[in-house]
Amino acid sequence: MQKTLHINVDDCTGCYQCVLACSDEHDKSFNPMKSRIQVFKFEDEGRFVPYTCTQCDEAWCQKACPTDAISVDANGAKVVSDALCVGCKVCTIACPFGTVNYNASSGKVIKCDLCGGDPACAKACPTDAITFVNADTAQFDKMRNWAGKTDAGTQQSA
Amino acid sequence: MAWAGKLLRVDLTAGTCVSEPLNMEWAAEYLGQRGLATRYLMNEIDPKVDPLSPENKLIMATGPLTGTNASTAGRYSVITKGELTGAIACSNSGGFFGNEMKNAGWDIIIFEGKSDKLVYLMLQDDKAELVDAADYVGASCWDTEEGIKAKHGDQFIRVASIGATGEKGVKYACIVNDMDRAAGRSGVGTVMGSKNLKAVAIRGTLGVTVKDREKFTQAVIDGKKVLADNPVTGSGLPTYGTQVLMNVINEVGALPTNNHQDVQFDGAHDISGEAMHEPRKSDGKPNLVSSAACFACTIACQRVSTIDRTHYTVKERPEYHKASGGLEYEAAWSLGAATGVNDLDALTFANFLCNEHGIDPITFGATLAAAMELYETGVINDETTGGVKLSFGSAEALTTMLEQTCKSEGFGVELGLGSKRLCEKYGKPELSMGVKGQEFPAYDGRGIQGIGLAYATSNRGACHLRGYTIASEVLGIPVKTDPLETEGKAGLVKAFQDATAAFDSAGICIFSSFAWTLDDVAPQLDAACEGEWSTEKLLEVGERIWNLERQFNLAAGFTGADDTLPARLLKDAAKTGPATGKVNELDKMLPEYYSLRGWSPEGVPTGETLTKFNLS
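Here the protein sequences come in this chain order: A and B.
Just add 734 to wherever you are in the first sequence, counting from 1, and you've got the working numbering.
Just add 500 to wherever you are in the second sequence, counting from 1, and you've got the working numbering.
One chain only, chain A, in its complex shape (with noise of 0.2 angstroms):
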């Protein structure tokens, strides 16, 4: 079974807590700028939204590697090898969605890599607004949520 990061964005405090475990597990240190998983805040909405990779199938950075640095591991995780990466920052620039990042202090490029299939993150939220499930029925809970309002849509018009 392939497992992927949920995040129920509704969930989110904003509190940090996946951020700094995540920079924790991969630097030893408490360090917000050097996690793979941000949290972004939208004052004005009062919204807190959780970004990470999303571990794309066919991955754009795995493509755009000219080392063949970036590999897919037992969890289907895109894991960087630091011995391979070159720091050209190619990768970067292919992911469309901005979640591979240089590191200048280790000249390679840091991604998320489901911590070897136990992701830090997910442990450490307090709210379960980060989960790490079964991909092919990741989305059911929020099926099961409108199929709930469908019907009693349909139920209220009979």
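Heads up, a few of these hints could be off.
[What the hints assert, rightly or not] Where chain A lies over chain B, by a calculated footprint (3+ residues, C-beta under 8 angstroms):
#	segment
1	778-791
2	820-829
[Claimed, not checked] Straight-line C-alpha distance at most 20 angstroms; calculated EDC-like pairs for lysine to aspartate or glutamate:
#	chain 1	residue 1	chain 2	residue 2
3	B	Lys-649	A	Asp-778
4	A	Lys-775	B	Glu-646
5	B	Lys-725	A	Glu-779
6	A	Lys-857	B	Glu-903
7	B	Lys-724	A	Glu-759
8	B	Lys-711	A	Asp-778
9	A	Lys-775	B	Glu-819
10	B	Lys-715	A	Glu-777
11	B	Lys-711	A	Asp-744
12	A	Lys-775	B	Asp-654
13	B	Lys-725	A	Asp-862
14	B	Lys-785	A	Asp-744
15	B	Lys-785	A	Asp-778
16	A	Lys-762	B	Asp-1026
17	B	Lys-785	A	Glu-779
18	A	Lys-857	B	Asp-729
19	A	Lys-775	B	Asp-643
20	B	Lys-822	A	Glu-777
21	A	Lys-762	B	Glu-714
22	B	Lys-822	A	Asp-744
23	B	Lys-822	A	Glu-779
24	A	Lys-857	B	Glu-714
25	A	Lys-762	B	Asp-712
26	B	Lys-725	B	Asp-1020
27	A	Lys-762	B	Glu-1030
28	B	Lys-724	A	Asp-778
29	B	Lys-724	A	Glu-779
30	A	Lys-762	B	Asp-625
31	B	Lys-815	A	Glu-759
32	B	Lys-815	A	Asp-744
33	B	Lys-649	A	Glu-777
34	B	Lys-715	A	Asp-862
35	B	Lys-822	A	Asp-761
Just so you know, these hints were derived from the structure itself, not from any lab.
Even glycine gets a Cβ: it sits at the ideal position worked out from N, Cα and C.
Fit chain B to the given chain A structure using the hints.
Below, chain B alone, put in the same frame as chain A:
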């Protein structure tokens, strides 16, 4: 390791920024933030100094946990001699400013002297620079924050700034960060303004590390679980914010109303946390948009709200149609119950203005309440107020007077003095509801006896955040005590005060203490910081800090006679509710409190006490 180990000294007179190593011997005795910065202030200024003179210093300080992923660990405090009170001031703020300061590699910033023109500090990791702030003269906190971010082309910069209120000397100006978080009380923003310092802008990229990463990870997970499993921090605060208290405190008969003339407010429900969830008539949407968290906080008590677009305050002002920081309990009380106003949208608008222009809503609301009593008793009149009818319950009076105060116009100039100076000016000092020049927050000392003692003895003037006995007396945390009883309250107040000083010095939020005791904090500190940090040591640190602050105030000229309450609380009995017939019986609690503290009957720490805490 947890502490960055560095202090930035900014001499505003000379225009220099110099790095110094942090005094780690003091860190071992005072932990950080509130305690450590007070130690620096005590050593570097004469407590008798005029708060607005260049000789006063203003310190921004983080704690050792600030910037880590310990829940609520994004806090910083501003420590100075307060302009509102003339006492030690320590105002704590959340948001994302404290962690940014730590992430830039600094524990503490000390501002001294006075700049000859308005400037802001731009701090990017170890690069510190004072920048001309001519573009922001008279600007609001909101415009200053947005302006600095845009000027440097970096939305990740964190800014703490003062509004025009701080520049013009409103006595209770705040320092606002992240648009709606504030170091709010005692006039710390006024001191900042007196130094011609408009803002501090920080961008940090260095990272924060801890002593024992593995142990720390487990301690943090354990701590987060305690918060999640607790009904207050796991459910009440996330759902209603601190506004969960409005109806509760009204029921207890301790909701000060109409300048403390009453202890229950008919309109309490209209301005409560529950009301913020109710759909309004105009658009069917509730006042509350979402709950938000400060850095690393797994409670998320912050409210994000909107104002009804058809409301008189914003009908013609679309700039206030966006969502922003909503009402917390203290602001809802001071702007609402204290003034008798039950209009939720007017209160939300007033709260926005306080954030935008950087003034403390508690002191503003309480000062307006005092002015309303002066007006209703004929001491001041329409001529004094410029024709505005200052009647209890008038939303128009609230919003008009607040706008005048933010702009330092009309009668707003006098409201900007705070209630003590205002009431003294009109010969009615007894109508100022506060202690040591600072107004009470949202709990009446007649209906809740222990909080009266906590107010009377608070080192920064009347304050709920120096010893929140409400937790025990009303909510039953950690054990329920009878709010109408005085017995045992001296010990309760001391225990809360000492523990709170330790929480405040660690870099975490005091709201965590609804669920955490020092037993939950100690393992996190012990794993993060050099040295050994046990509950016993933290209690010792807390008590040492309390005595140090007391020493500052005594040296500043305060005496035991200042540890008192207004006559209204000591002589005029509550008229309704469970506390009917009760006054605050301070005289039954204060002598025991002094004794438990190891202070003389006059409230002065004995030589033995000072020696015990290495304060002689």
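>> Checking one constraint from the list: CA of B/Lys-724 to CA of A/Asp-778, max 20 angstroms. Satisfied?
In response: violated (29 angstroms)
> Is the straight-line distance between the alpha-carbon of A/Lys-857 and that of B/Asp-729 20 angstroms or less?
Replying inline: Roughly 16 angstroms between the alpha carbons, so the hint for A/Lys-857 and B/Asp-729 holds.
>> Please verify whether B/Lys-725 and A/Glu-779 have alpha carbons no more than 20 angstroms apart.
In response: violated (30 angstroms)
> Does A/Lys-857 pair with B/Glu-714 here, judged by a C-alpha cut-off of 20 angstroms?
Replying inline: holds (16 angstroms)
> Are the Cα positions of A/Lys-762 and B/Glu-1030 separated by 20 angstroms at most?
Replying inline: holds (18 angstroms)
> Do the alpha carbons of A/Lys-762 and B/Asp-625 lie within 20 angstroms of each other, as the hint requires?
Replying inline: The hint holds at about 19 angstroms.
>> Against the 20 angstroms threshold, does the CA-CA distance of B/Lys-785 and A/Asp-778 hold or violate the hint?
In response: holds (16 angstroms)
>> Just to be careful, I want the Cα atoms of A/Lys-762 and B/Asp-712 compared with a cutoff of 20 angstroms; is the pair within it?
In response: holds (11 angstroms)
>> At least three residues with a C-beta closer than 8 angstroms to a C-beta of chain A: is that true for the segment 820-829 of chain B?
In response: holds (count 3)
>> Tell me if the straight-line CA distance from A/Lys-775 to B/Glu-819 falls inside 20 angstroms.
In response: Holds - the C-alpha atoms of B/Glu-819 and A/Lys-775 are around 19 angstroms apart, at most 20 angstroms.
> Does the alpha-carbon distance linking B/Lys-649 and A/Glu-777 stay inside the 20 angstroms limit?
Replying inline: holds (14 angstroms)
> Is the Cα-Cα distance between B/Lys-785 and A/Asp-744 20 angstroms or less?
Replying inline: holds (16 angstroms)
Hint check: violations occur at hints 5, 6, 8, 10, 11, 28, 29, 31, 32, 34 and 35; the rest are consistent with the structure.
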